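Student: Below are the chains, spelled out letter by letter.
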Amino acid sequence: MSTDVMAFIRRKFLEYYSENSEKIPMPTSLPNREFGFVIFRERMMVRHKGFINGAEVKAFLKSMTPMDAYYSSAYYERPEEHMENKGWLGADLIFDIDSDHLQTPCKSEHDYWICESCQNSGRGQQPELCRKCGGSKFKNEAWLCETCLEAAKAETQKLLSFLQEDFGFLPQDIEICFSGHRGYHVHVENEDVRQLDQVARKEIVDYVLGTGLKVEFHGLMEVGKSKIVEGPNLFDPSWNGRIAKGVYDFLKTSTPQQIEEIEGIKSNKSKKAMEHRDLILKSWNKKARWGALKDVSFRTWVKLAEYGLKKQTSFIDTVVTTDIHRLIRAPFTLHGKTGLKAVSISLEHLKQFDPFVEAIAFSKGTLKVNVNESHKFRLGNEVFGPYRQETIELPMAAAMYLLCKKAASPVE
Amino acid sequence: MLVARGDSPKYPFTKDAKEYIDQCNVSVEELATIEYAQIIDRAEQRIEEALINGSVRYESSLPDVEVLSFPVAIILVASIGDDFLKRRYALAEAIRAENLLKDENNDKLMRIIESYFSWRIKKVSIAQNQPYEYCLSFIDYIKNASVFHEDEWKLVNKMVIGGYVFLRKNDVARLAREEIQKYIQETVEKTPKLDLPKLLNQRIERINQILTKRKESFKMDELPKTAIIAAYPPCIKKLYDSLLIGQHISHIGRFSLTSFLLAIGINTEDLLKMYTSISDFSESLTRYQIEHIAGKKGAGTSYKPPNCSTLRTHGLCLKPDELCKGIRHPLTYYRRKIGKIGMTKDE
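Chains W and P supply the protein sequences, listed in that same order.
So the first sequence is numbered by my numbering: it starts at -7 and just counts up by one.
So the second sequence is numbered by my numbering: it starts at 2 and just counts up by one.
Any given hint might turn out to be false.
Claimed, not checked - Each pair of labels, with its calculated beta carbon distance range:
hint, chain 1, residue 1, chain 2, residue 2, range
1, W, Lys244, P, Lys297, 52 to 62 Å
2, W, Asn364, P, Gly316, 55 to 65 Å
3, P, Ser116, W, Asp92, 26 to 36 Å
Unchecked claim - Chain W residues, not near chain P, derived (Cβ > 10 Å throughout):
hint, residue
4, Phe0
5, Ser10
6, Pro163
7, Lys194
The set of hints was computed from the structure by calculation and includes no laboratory data.
Model, not experiment: these values are computed from the prediction.
Think of the CB as a built atom: it goes at the ideal place given N, C-alpha and C, for glycine as much as any other residue.
If we strip away everything but chain W, and leave its shape as in the complex, we get:
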């Protein structure tokens, strides 16, 4: 990005912080948090910053106008010291759902990579080695995508069911944030979780991702001499219900071919399951009678259950949650890659939340830009693009998005 474009973005960011910094909510226990910022000029992370109060943070946002702003999930005695001297006091429990990690079908349309040595670029997943120069280092970029953000939201909703129903966290313990780019963050803040170490947090991660889950511990078993298959019910709590739901959903939507694709299921078995599908589905709404079909073996049920439960998990980033020193994006600050703001969302509102409307930070004015190349995107209630080598006047939010994505530059 040219220095001019960067200077322009920075001016706009300053405008945002000048007008809105009073409205930016500050984290609890602020003096114990570490702050980190990506600074425009150097484009590097400045960490280990500490502030006494919210006014100081706001003053910093206005004077330094960072590209990105973060604070630590952890609490420290001395947040400004180096890691080993900070004096860790505890950390919130945080989750990151990033659509980059989700297997959405649209990846090939909006993900692109750039070879760091020869600038060769292409759509979709990066190759192992650059076909042009053989280089192995790539930068990955992605356009904003509705499908991906919907998928991330669905994962977030599943996560909330784990947090509330299984772990018993109260709505006031939970904060949901749209990151301003490709995903959602969920913070859980309460006394109990603060002291959890990495190993304990790993257990939470494994629970949410179903890692190490064995269906036999959730009621799927053969009973008695006649070996009747018994299993959990759809409305059972905890993983029991999710396992039943996983099988139910899978049977409801799958084809015999899909069933056979599950490793270890033979075609005659899948046919049997399919023949009786309606019967199974109907009866399960009352009680899951796993044993009603004598032809479907226990082994087949186990395979189906193991397969079906994968869709019941919530696809969180394992490293973020187990990291007890993590910096997370501060809500209502700007995202340097989109010019959108990170916004916190109430639990009730998540379902209706529209990131393409509600995360807009620059709603005033228009800007004429030269667009190099851009995909089709929606911001607010308007759809833009695709553009290729053209000059166009855009609403400020759309223009800022393309500038931040390095796809355009302002016309002087």
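Place chain P on chain W using the hints.
Tutor: Just chain P, lined up with the frame of chain W:
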């Protein structure tokens, strides 16, 4: 002498027991007198049992001796100051308590746990078809159970509802063992090394002899001096191969690989050469990272490679093979594989 009451002899680490011990007000000098010989004998026995059997018996015939010998044993263990002994003793006492707790009725177990631990635990009314007697806050659960390796202890394999994990009585006793072990170990760590009377020093001498023998039998086989690539577990091999062909490795992947290679004896310089020769890693940054993991930088703690469970969590456990079954740590795999492929230490 006062008479120890109630459960103090069984659970000498509880508040009741501590009060009783305080009331007895015995000085270290007094301990060495003939009057307290029984207590000293039992204290020494406790440690001996811990070293030899791995658990301490409950001796119900002399309740006072059973209570008072516990703090004395702690003093002796602290004075010896050996880490292996501290761990082993704390564990053995905790196992003793676990076994006693298993035999208590539900009300009693609840009472002991509530009065001693800060756990949030509730009794569950027994309903048909459900085997649970208690539910414990999942936070308290994972604080204690996350170190267990068996599948059945993983949180994901438990019934978790509204913040509580449903448990059977024996599970609660087993979890209590963890908490007790931690507590006893902390107590030993906090106990200062005292100047002990000669008589007690003789006891210590004897314990030390047993300790030396036990430690020898626990000694691990040493690893060969050069790295044997053929013995790398599949997860490490995959990371290693990625590194060699210059593929991107995630931060956690690089950490796992580096800490593993350091643990099997590759030195910082060789590792640095490996990293920098095959990619464009910056030398100073890579050196910093390697030295940090090796414990030469920062807080000085060297990082051990993550265990299998952690590798699984982060999606680094790929294609486990036959030998992986029943193994919990990539280093154990390495050790066993070396044994299997017949490499000796000198090769």
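Student: Each hint: holds or not?
Tutor: Verification of the hints:
no. : hint                            : verdict
1   : W:Lys244 x P:Lys297: 52 to 62 Å : 57 Å, holds
2   : W:Asn364 x P:Gly316: 55 to 65 Å : 36 Å, violated
3   : P:Ser116 x W:Asp92: 26 to 36 Å  : 50 Å, violated
4   : Phe0                            : 31 Å, holds
5   : Ser10                           : 36 Å, holds
6   : Pro163                          : 14 Å, holds
7   : Lys194                          : 5 Å, violated
Consistency with the previously given hints fails for numbers 2, 3 and 7, ordered from lowest to highest.
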